[in-house]
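Q: First to last, the sequence lines map onto chains A and B. Position one of the first sequence corresponds to residue 20 (my numbering), numbered consecutively onward. Position one of the second sequence corresponds to residue 9 (my numbering), numbered consecutively onward.
A few of these clues could be false.
Only some residues are given here: those of chain B computed to face chain A with a beta carbon under 8 Å [claimed, not checked]:
| hint | residue |
| --- | --- |
| 1 | Met9 |
| 2 | Ser12 |
| 3 | Ser56 |
| 4 | Ala191 |
| 5 | Leu196 |
| 6 | Glu200 |
| 7 | Tyr275 |
| 8 | Val286 |
| 9 | Thr327 |
| 10 | Arg334 |
| 11 | Leu343 |
| 12 | Ala349 |
| 13 | Met351 |
| 14 | Asp354 |
| 15 | Glu360 |
Over 10 Å on every C-beta distance to chain B, these chain A residues come out as not near it, computed from the model [said to hold, decoys possible]:
| hint | residue |
| --- | --- |
| 16 | Asp27 |
| 17 | Asn31 |
| 18 | Leu36 |
| 19 | Leu78 |
| 20 | Gly83 |
| 21 | Glu155 |
Please keep in mind that the hints were generated in silico from the structure rather than gathered at the bench. Ideal Cβ positions, reconstructed from N, Cα and C, are used throughout, including at glycine.
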Amino acid sequence: MINPRPIDVLENLVATLDASVLPRLKDADVLSAATTTRHMLRYVLSQLRYEPASFAAELPRLTGLLEQVRNFLERVGASEALHGVDAALASAAVSNADGHEGLATRIAHLREGLHGAHRTLIEHRGEWAADPGYAELRGTIREYLSWQNLEEAKIVAPAFYGQGARR
Amino acid sequence: MDFSVPHLQAYLSTRLGAPVEVTKVERFGRGVSRMTWFVTCHRNGGESEQLVFRLDPPSGSVEPSPLDQEYFMYERLGQTEVPVAPVLWWEHAGRWTDRPFYVRRAVEGSWNVPDFLTDDPRHDEWRIAISKEHMRALSKVHAVDWKSLGFDRYLPAPSRPEDCGINYANTALAQYDSVRGQAVPVVLEAIEWLRDNAPPSPRICLCKGTNGYGEEIFRDGKLVALSDWEEASIGDPAADFAFMQYFAPQIDRDGQNVWGLEKALAYYTSVSGIPVTVERVQFYGVIRALRLIIMAEKCATALHDNPALADVRMAWTSTEVGHVCRQGMLAAMGLGAPPTAQMLADFHLSVESQVQ
Numbered sequence: 020m021i022n023p024r025p026i027d028v029l030e031n032l033v034a035t036l037d038a039s040v041l042p043r044l045k046d047a048d049v050l051s052a053a054t055t056t057r058h059m060l061r062y063v064l065s066q067l068r069y070e071p072a073s074f075a076a077e078l079p080r081l082t083g084l085l086e087q088v089r090n091f092l093e094r095v096g097a098s099e100a101l102h103g104v105d106a107a108l109a110s111a112a113v114s115n116a117d118g119h120e121g122l123a124t125r126i127a128h129l130r131e132g133l134h135g136a137h138r139t140l141i142e143h144r145g146e147w148a149a150d151p152g153y154a155e156l157r158g159t160i161r162e163y164l165s166w167q168n169l170e171e172a173k174i175v176a177p178a179f180y181g182q183g184a185r186r
Numbered sequence: 009m010d011f012s013v014p015h016l017q018a019y020l021s022t023r024l025g026a027p028v029e030v031t032k033v034e035r036f037g038r039g040v041s042r043m044t045w046f047v048t049c050h051r052n053g054g055e056s057e058q059l060v061f062r063l064d065p066p067s068g069s070v071e072p073s074p075l076d077q078e079y080f081m082y083e084r085l086g087q088t089e090v091p092v093a094p095v096l097w098w099e100h101a102g103r104w105t106d107r108p109f110y111v112r113r114a115v116e117g118s119w120n121v122p123d124f125l126t127d128d129p130r131h132d133e134w135r136i137a138i139s140k141e142h143m144r145a146l147s148k149v150h151a152v153d154w155k156s157l158g159f160d161r162y163l164p165a166p167s168r169p170e171d172c173g174i175n176y177a178n179t180a181l182a183q184y185d186s187v188r189g190q191a192v193p194v195v196l197e198a199i200e201w202l203r204d205n206a207p208p209s210p211r212i213c214l215c216k217g218t219n220g221y222g223e224e225i226f227r228d229g230k231l232v233a234l235s236d237w238e239e240a241s242i243g244d245p246a247a248d249f250a251f252m253q254y255f256a257p258q259i260d261r262d263g264q265n266v267w268g269l270e271k272a273l274a275y276y277t278s279v280s281g282i283p284v285t286v287e288r289v290q291f292y293g294v295i296r297a298l299r300l301i302i303m304a305e306k307c308a309t310a311l312h313d314n315p316a317l318a319d320v321r322m323a324w325t326s327t328e329v330g331h332v333c334r335q336g337m338l339a340a341m342g343l344g345a346p347p348t349a350q351m352l353a354d355f356h357l358s359v360e361s362q363v364q
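All chains should be built: construct the whole structure from the sequences, respecting the hints.
A: The following block contains the structure:
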């Protein structure tokens, strides 16, 4: 292991931009590009800090949600959509990528599975809306969507809000 | 396209059939959706003229609509009362360029309207005059006979006024499906909500898309050209007030409302004869958030496919802009708190606006 760690280096890069680079840039286009670069460095810093915990919470939550979706689709006989969910769950389970990006890949598979099933649920609303399980499942998906946005905010807010010109 | 002076001189001399001397080449550094180059030249020793070259960036446009649609818009708008820059020609990829581009004539003026963003009461009259000027320009856009001019060749048109919102939602879904690099399930939830809540429009109109401060060209307080037509659509004119930047400023003095969206809409209706409600504008605000999410997706894909060529602002669009727009859509559906006004205003903070 070589020190400093990525978070320390990124903190240093942002501070260097603030102290030694941005104040000396006179060309508006160059200043604009450098300003956005600073924001994106802060964003990566924020990802490094907060995304691991967010992914660790999302993986079981999303897996559970997809299993609920799977049960509903099986019960109503939506075989094509069911196949999509099964494929997503299988891909997420067998993904052998390591580390944080491996986790990101597994979550991406699950989100893709939810996306396909969600589309089917919406398309068949007229047919399935009378089923009490339908409204409950749609409500659970909505709760997940809200939760996911709040998790994103934990990364986005410290990176950007109150940090001045974006471009 | 090689924007070096020798290449441009050779190209323009061939294209125009006369010797052309290029005296200045400048890239407009502010736009992300497409690249804009200003080329100043003299034809056959004649007077100086400025040409504007528009092309997609090497990593692809942020916009889901193609460049030839933008060219088409200028070509057709040139046949109307709408003030636009005259479009000159289209150049296919080939001998002179690796990517297609089109050329239009520059219009003298500036996107910047001095003293407009201030809240200083001394500038109230000026700001309201600019706002009214913009309302009159929008009314000209909405009066365009889009059907006879064939705008629906590129822009999907609803068959009935009551279908405007649904048509826009369906178009956005098709664009999302064509550009997305990842699953964004909230988009599907939003499309369903939009279809359920689409308000009827009194009329089917040509709409500009993003408009207002920073988009149009002004000279001496007069709007001389409406620019940036890449988000144009056919539908409810209320959409243009949701896509408008700053040009209906909220002005309150001594506890009285002097100007704002409602007054601007009333003025617009007095000019155009088309009623527009705040509720319809709010509906199209959700559509606008959806459009920005589509752009964010396109940016993320461009960054993944071409990290060395993508503009760094694409990274910003795909992160903060995408996130805040998803938050806004969720809030409209009652699924969370809306973004604060500050969060939305910060999108428009540029190094120039900080200096102003």
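Q: Could you run down the list of hints and mark each one as holding or not?
A: Comparing the hints with the structure gives:
For the restraint placing methionine 9/B at the interface with chain A, the shortest Cβ-Cβ distance is roughly 19 Å, beyond the 8 Å limit, so the hint is violated. A cut of 8 Å between beta carbons decides the hint on serine 12/B: the least distance to chain A is about 19 Å, and the hint is violated. Below 8 Å, beta-carbon pairs count as interface contacts, and serine 56/B has none with chain A, the closest being about 24 Å; its hint is therefore violated. A hinted interface residue such as alanine 191/B counts as satisfied when its beta carbon comes closer than 8 Å to some beta carbon of chain A; here the least separation is about 3 Å, so the hint holds.
Residue-level restraint check for leucine 196/B holds (minimum Cβ-Cβ distance to chain A is 5 Å; threshold 8 Å). Annotation: interface hint on glutamate 200/B holds; nearest CB of chain A at approximately 5 Å, less than 8 Å. Interface hint at tyrosine 275/B: violated, since its Cβ lies 32 Å from the closest Cβ of chain A, which is beyond the 8 Å cut-off. At its closest, the beta carbon of valine 286/B sits 26 Å from a beta carbon of chain A; the interface hint therefore is violated under the 8 Å criterion.
Given the 8 Å rule on beta carbons, the hint for threonine 327/B holds: about 6 Å separates it from the nearest Cβ of chain A. Because the closest C-beta pair between arginine 334/B and chain A is about 6 Å apart, less than 8 Å, the hint holds. Residue-level restraint check for leucine 343/B holds (minimum Cβ-Cβ distance to chain A is 5 Å; threshold 8 Å). At about 13 Å, the closest approach between the beta carbon of alanine 349/B and any beta carbon in chain A exceeds 8 Å, and the interface hint on this residue is violated.
For methionine 351/B, the shortest C-beta to C-beta distance to chain A is roughly 7 Å, which falls under 8 Å, so the interface hint holds. For aspartate 354/B, the interface hint holds, the least distance from its beta-carbon to any beta-carbon of chain A being 7 Å, beneath 8 Å. A least Cβ separation of about 6 Å between glutamate 360/B and chain A falls short of the 8 Å threshold, and the interface hint therefore holds. Once the 10 Å rule is applied to beta carbons, aspartate 27/A is consistent with being away from chain B; the minimum gap is 22 Å.
Interface exclusion of asparagine 31/A from chain B stands, the closest Cβ pair being 19 Å apart, more than 10 Å. Under the 10 Å C-beta cut-off, the non-interface status given to leucine 36/A relative to chain B holds; the minimum distance is some 13 Å. The claim that leucine 78/A is not at the interface with chain B holds, since no C-beta of that chain comes within 10 Å of its own (minimum 15 Å). Every CB of chain B is more than 10 Å from the CB of glycine 83/A (nearest about 15 Å), matching its label as outside the interface.
Distance check on glutamate 155/A: its Cβ is at least 16 Å (rounded) from any Cβ of chain B, clearing the 10 Å threshold; non-interface status holds.
Of the numbered hints listed earlier, those contradicted by the structure are 1, 2, 3, 7, 8 and 12.
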